[in-house]
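A.B. asks: Letter by letter, the chains look like this.
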Amino acid sequence: MKNKIRDLRTARNMTQEDLAEIIGVSRQTINAIEKGKFDPSLPTAFKMSKLFKLPIEQMFLFEE
Amino acid sequence: MKLERNKRIKKLAIWTWTWVATMAIATFGPEFIWDHHPFLTPFAIIVNFANGILMILANRDLFNHFDELEKKIHLESLGITLGLAVIFGMSYSLLDTTNLISQDAQISILVMFIGLTYLTSILINSRRYQ
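Heads up: the protein sequence lines correspond to chains A and B, in order. Residue numbering for the first sequence follows the numbering used here, beginning at 1 and increasing consecutively. Residue numbering for the second sequence follows the numbering used here, beginning at 1001 and increasing consecutively.
Read the hints as simulated data drawn from the structure, not as lab findings. Heads up, a few of these hints could be off.
DMTMM-like mimics (lysine to aspartate or glutamate), calculated; alpha carbons at most 20 Å apart, straight line [said to hold, decoys possible]:
(1) B:K1002 - A:E21
(2) B:K1072 - A:E34
(3) B:K1002 - A:D18
(4) A:K2 - B:E1068
Please model the complete structure; the sequences and the hints are all you need to start from.
C.D. replies: Structure below.
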């Protein structure tokens, strides 16, 4: 699934490590999500949504 | 998060090494330490078994601390390991029962196979998500 997590993170001058710490996952997980290799769980997506103050569907682009 | 994880890894390492140590004692003790004492041999086996249970609990504790990607990597690796262990174990057993191998099938071979398969699966799966 494509997403805008990297853009949103860098726009806030955050490192992957910073974001991982806030969300409560490992840096590797953030990296895998940003690269689109791993889709986050609903709780993680909601945490990101709350942090970036954006609805989930604006951060993650669902493709069939 | 890292501190908590290191604490759990340390706990698992301690229980794993004590399990290995108690396994060695239970294996070699009857012959080299207590001369097949009727009480000490079953006691050593019970201690080793109990230690193994504690090792499993420590492993579960660490697993529950993993995040979603790490859990996925480990679950996929466990699935592959379980499948291969059953297939390899049965084929290995057949080789023994049909006398296609000269020596008896050893459980230690299967244990080593499981360990190496799990390690390889973890490495491959981790690279997939890098």
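A.B. asks: Each hint needs a verdict: does it hold in this structure or not?
C.D. replies: So, going through the hints one by one against the coordinates:
no.	hint	verdict
1	B:K1002 - A:E21	holds, 10 Å
2	B:K1072 - A:E34	holds, 17 Å
3	B:K1002 - A:D18	holds, 13 Å
4	A:K2 - B:E1068	holds, 18 Å
Checked against the numbered hints above, the structure violates none of them.
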